[in-house]
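> Let chain G serve as the given structure and place chain R with the ligands on it in line with the hints.
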Amino acid sequence: MWPDPDLKVASLVSNGQHPKSGRSRRASQDARAVELGLKMAGAASRVIHVGDGDREGGLDQYLGMGLPEITLLNADEQADAVPVLLEYLKGASFDIVLTGVHAEQGEASGMVPYLLAEQLGWPLVSHIADIRKVEGGRAEVLQALPRGQRRLLRVPLPFIATVDSAAADARQYAFGAARRGRLVDAITDAPVDQARQEWTCAPAKPRPKRLHVAKAKSAADRFKAATAKPQGQGGSVIREGTDQEKATAIMELLVSEGVVR
Amino acid sequence: MLPEWLLPALVIMALGLFAIGALRRILLWRAGRPEPVRLIAGLMAMPRRYLVDLHHVVARDKAMSNTHVATAGGFVLSMLLIIPVHVFGLDSRWLTLPLLVSTIIMFTGAVFVYRRRRNPPARLSKGPWMRLPKSLLTFSASFFLLTLLASDVLPENFGHWVLTGVLLIGVTLGLAELLFGMGWGGPMKHAFAGALHLAFHRRPERFGGGRSTGLKPVDLDGMLGVAEPSDFKWNQLLGFDACVQCGRCEAVCPAFAAGQPLNPKKLIQDMVVGLAGGTDAHYAGSPYPGRDVGQAQGSPHQPIVDGLVSAETLWSCTTCRACVEECPMMIEHVDAIVDMRRHLTLERGETPNKGAEVLDNLIATDNPGGYEPDSRMNWAADLALPLMADKQVADVLFWVSDGCFDMRSQRILRAFVKILKAANVDFAVLGNEECDSGDVARRLGDDATFQTLARHNVATLRKYRFSRIVTTDPHAFHVLKNEYGDFGGHYDVMHHSTFINELVTQGRIQLDRFKGGAVTYHDPCYLGRYNGEYESPRALLAALGIQVSEMERSGYRSRCCGGGGGAPITDIPGEHRIADMRVDDARKVEAETIAVACQQCTAMLEGVVEPRPEIRDLAELVAEGLIVDAAGPASTATARPSLAEEVH
Ligand code: SF4
Ligand code: SF4
Numbered sequence: 002m003w004p005d006p007d008l009k010v011a012s013l014v015s016n017g018q019h020p021k022s023g024r025s026r027r028a029s030q031d032a033r034a035v036e037l038g039l040k041m042a043g044a045a046s047r048v049i050h051v052g053d054g055d056r057e058g059g060l061d062q063y064l065g066m067g068l069p070e071i072t073l074l075n076a077d078e079q080a081d082a083v084p085v086l087l088e089y090l091k092g093a094s095f096d097i098v099l100t101g102v103h104a105e106q107g108e109a110s111g112m113v114p115y116l117l118a119e120q121l122g123w124p125l126v127s128h129i130a131d132i133r134k135v136e137g138g139r140a141e142v143l144q145a146l147p148r149g150q151r152r153l154l155r156v157p158l159p160f161i162a163t164v165d166s167a168a169a170d171a172r173q174y175a176f177g178a179a180r181r182g183r184l185v186d187a188i189t190d191a192p193v194d195q196a197r198q199e200w201t202c203a204p205a206k207p208r209p210k211r212l213h214v215a216k217a218k219s220a221a222d223r224f225k226a227a228t229a230k231p232q233g234q235g236g237s238v239i240r241e242g243t244d245q246e247k248a249t250a251i252m253e254l255l256v257s258e259g260v261v262r
Numbered sequence: 003m004l005p006e007w008l009l010p011a012l013v014i015m016a017l018g019l020f021a022i023g024a025l026r027r028i029l030l031w032r033a034g035r036p037e038p039v040r041l042i043a044g045l046m047a048m049p050r051r052y053l054v055d056l057h058h059v060v061a062r063d064k065a066m067s068n069t070h071v072a073t074a075g076g077f078v079l080s081m082l083l084i085i086p087v088h089v090f091g092l093d094s095r096w097l098t099l100p101l102l103v104s105t106i107i108m109f110t111g112a113v114f115v116y117r118r119r120r121n122p123p124a125r126l127s128k129g130p131w132m133r134l135p136k137s138l139l140t141f142s143a144s145f146f147l148l149t150l151l152a153s154d155v156l157p158e159n160f161g162h163w164v165l166t167g168v169l170l171i172g173v174t175l176g177l178a179e180l181l182f183g184m185g186w187g188g189p190m191k192h193a194f195a196g197a198l199h200l201a202f203h204r205r206p207e208r209f210g211g212g213r214s215t216g217l218k219p220v221d222l223d224g225m226l227g228v229a230e231p232s233d234f235k236w237n238q239l240l241g242f243d244a245c246v247q248c249g250r251c252e253a254v255c256p257a258f259a260a261g262q263p264l265n266p267k268k269l270i271q272d273m274v275v276g277l278a279g280g281t282d283a284h285y286a287g288s289p290y291p292g293r294d295v296g297q298a299q300g301s302p303h304q305p306i307v308d309g310l311v312s313a314e315t316l317w318s319c320t321t322c323r324a325c326v327e328e329c330p331m332m333i334e335h336v337d338a339i340v341d342m343r344r345h346l347t348l349e350r351g352e353t354p355n356k357g358a359e360v361l362d363n364l365i366a367t368d369n370p371g372g373y374e375p376d377s378r379m380n381w382a383a384d385l386a387l388p389l390m391a392d393k394q395v396a397d398v399l400f401w402v403s404d405g406c407f408d409m410r411s412q413r414i415l416r417a418f419v420k421i422l423k424a425a426n427v428d429f430a431v432l433g434n435e436e437c438d439s440g441d442v443a444r445r446l447g448d449d450a451t452f453q454t455l456a457r458h459n460v461a462t463l464r465k466y467r468f469s470r471i472v473t474t475d476p477h478a479f480h481v482l483k484n485e486y487g488d489f490g491g492h493y494d495v496m497h498h499s500t501f502i503n504e505l506v507t508q509g510r511i512q513l514d515r516f517k518g519g520a521v522t523y524h525d526p527c528y529l530g531r532y533n534g535e536y537e538s539p540r541a542l543l544a545a546l547g548i549q550v551s552e553m554e555r556s557g558y559r560s561r562c563c564g565g566g567g568g569a570p571i572t573d574i575p576g577e578h579r580i581a582d583m584r585v586d587d588a589r590k591v592e593a594e595t596i597a598v599a600c601q602q603c604t605a606m607l608e609g610v611v612e613p614r615p616e617i618r619d620l621a622e623l624v625a626e627g628l629i630v631d632a633a634g635p636a637s638t639a640t641a642r643p644s645l646a647e648e649v650h
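Just so you know, the sequences run in chain order G and R.
Okay, so the first sequence: first residue is 2 according to the numbering used here, each after it adds one.
Okay, so the second sequence: first residue is 3 according to the numbering used here, each after it adds one.
Read the hints as simulated data drawn from the structure, not as lab findings.
Some clues are possibly wrong.
Label pairs and their calculated CB-CB ranges [to be verified]: (1) G:Leu-254 to R:Ala-386: 54 to 62 Å; (2) G:Gln-120 to R:Glu-359: 37 to 45 Å; (3) G:Lys-91 to R:Arg-457: 43 to 51 Å; (4) R:His-303 to G:Val-185: 28 to 36 Å; (5) R:Ala-386 to G:Glu-108: 36 to 44 Å; (6) R:Gly-490 to G:Lys-206: 36 to 44 Å; (7) G:Lys-206 to R:Pro-36: 56 to 64 Å.
Virtual Cβ for every residue (Gly too), placed ideally from N, Cα, C.
If we strip away everything but chain G, and leave its shape as in the complex, we get:
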């Protein structure tokens, strides 16, 4: 059934950064989003980027995956990407919008998909590994949980999903395809991100990691220690009850933890 040319899929891509060399590249999760888009809609899938259109920043590598074009929403470094994207997405009619979980440089807060979902009024599915099929206005989405576990969700279109590193690897990019690919400008108005103006940015320092000492005697124990789900402290699983009751329970927890005041 894939690729389905009638499906309107868009992937939002950002400039990535290699963890070892710091060099610009396609962002690993965003590239997986593009890969998923290509799988679902083939060449009809769209790819959208907010930025100054510097192709060396990673856009060439996305184009090299075989995309004929990337829609470029022109914005300089100070701009806030969310209103620009919102404006554009409102004007288009996508069924599924894919993003990475978070960017590899800059703010990398992972908030863009949430803010978009909130303002578009669409559901958001985080950390997906795959979309298995789309039928009758609903998609079967495979969500990645820790330690290789998966959860199957049925989500009504349209929705936004963030693609986890557990999703299928992005295909190799080819020099020739990148050379052919084009950036198509869409005229946009990019407001300056006021909040960020007041921030000062400094490179992050790696924090020491606490070593987890596994006192395992046998190989089987060590294997278990490495793979077992950590025992949660407290908490409970609520299966019974109405949505209202479940939501209240979550709200109470958030208030007691001080997340919501």
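Quick look at chain R with the ligands alone, frame taken from chain G:
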């Protein structure tokens, strides 16, 4: 008797058909992309290239060489004489006698061709090639007798019309094979295409004892590699057509021996199918191991991969150049394979297995392993190596290569540093400024990444002054020496085996005798066949008091370790591993140590399960045998007397 006009008519008709066929063939080659050649100079050089260079290769098989000289020489001479004698009817003893002699020579040669064809080795193609010796015999015998009959050597009316008739049939058959077949794709095509191939070879530097092994750069604004037969340069197509299907390439190909789906002879024949259009149903030689013959189908404007050949065939090649070295027609298999790989990588993005990851790492970190670019010098943290950035000028620039990231290779590097220091060599390294040489990227078909790396390295090297580059990695050696020239980098590059040998002959280091069992030496492809360095490593081993037990395949016939051309990265499965076969070669001469001169060979051969001979790089053997006291004549000269005083 027979009508006067019949024989001339036959010869003229055969010549005419040959001419039409030849023209048609030339048009097929011209479907390829243009490549300027020196037309007149090439044609003028052709006889010499044939007699000297080609026969230099053929003469490795003495019997076959003599056979070919007799048959081909006899044929060419006969043909030159047949025209005046039988077409223009010139009746002179000065022509008929030589014609008689030349047909006899040809006949003798053909007898030997026939004898070899009775029990042909597996590498030879069968099919129409089995018919060829008979055609040669028929041609020479018929023309001999006919000439005899027509001449005044014999008494009048000796001939009988039945005999003449039979001879005429013989003449027709012979002409059909030798002239008609030459133009129309029969086995004799090799003579016509081969002659022109020699004249218009894409690497004319190879003739006259020269060497030309560097790959040609891709124009990154133009066509990226070869997708269809017509994307090859026209003289590459011509080269394919020159193949005699002798299978010498097949016999030496390590991938073929390992049962991987590659046979260089079949590959060239498939290219011929592609340039002429059709299928490989008539191919009568060994197939690609594990693949049936008859599936390949193509035409000049049809994609090659998955029509004519499978991608696995192209990725099985280790670029060891054994086939090119062995090919009597001087066909360039490796160029063709890399051209097609370029299309797969640059256009299709289909580098198999770890290929994409390695290329990605090279792009992001300038090394194939994806290590931090700033950690290049970690291996030498305790060695206090002088940096080019500090010194600016040094006699020797030590090109460390990516071996710096690999623990086994680091032992080789450290051994070499020990030697450099012992000999008081004025050297320095680039440190973190060095990038991968681009060897692997280029051979995986990614010429874009290769060119980026090459330009970067050339720019770095331009900053410093040094008299030469020395490296322990034959791949970097080859690329720096032979492939950076296209990007403005011209250096005096030396492999460490050559360099250390020079130190020994200059007396700058003294060596102890090697204390171990039998040693054999494995020639790395990129040092030997690519750069012709067979002597220095052996001289160095001799300086260590080692008498090398040579393996059956050594020197220019050395069998690849399986590590070149990105083959361990693309990792196409076969029945055996190439490295296992190479270690078996060493076991056959009962070697306890295999001396190598390449970190890649070390990795491949050490990957063979024990028990097996020990694998030691030349640098390690030398470092072990260094007589440290005698190191640096200058320092010892000043140190000795004062020491002596103290003792007294
Ligand atoms: S390519 Fe060369 S070595 Fe191989 S079969 Fe043809 S002529 Fe012989
Ligand atoms: S270069 Fe080596 S591996 Fe490749 S086809 Fe030739 S002989 Fe075989």
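> Now tell me if each hint is right for this structure.
Hints, one by one, checked against the model:
1. G:Leu-254 to R:Ala-386: 54 to 62 Å: 59 Å, holds
2. G:Gln-120 to R:Glu-359: 37 to 45 Å: 38 Å, holds
3. G:Lys-91 to R:Arg-457: 43 to 51 Å: 45 Å, holds
4. R:His-303 to G:Val-185: 28 to 36 Å: About 32 Å separates the Cβ atoms of His-303 of chain R and Val-185 of chain G, which means 28 to 36 Å holds.
5. R:Ala-386 to G:Glu-108: 36 to 44 Å: Between Ala-386 of chain R and Glu-108 of chain G, where Cβ atoms are some 43 Å apart, the hint holds.
6. R:Gly-490 to G:Lys-206: 36 to 44 Å: With a Cβ separation near 42 Å, Gly-490 of chain R and Lys-206 of chain G satisfy 36 to 44 Å, so the hint holds.
7. G:Lys-206 to R:Pro-36: 56 to 64 Å: 59 Å, holds
Violated hints for the displayed structure: none, as all numbered hints are satisfied.
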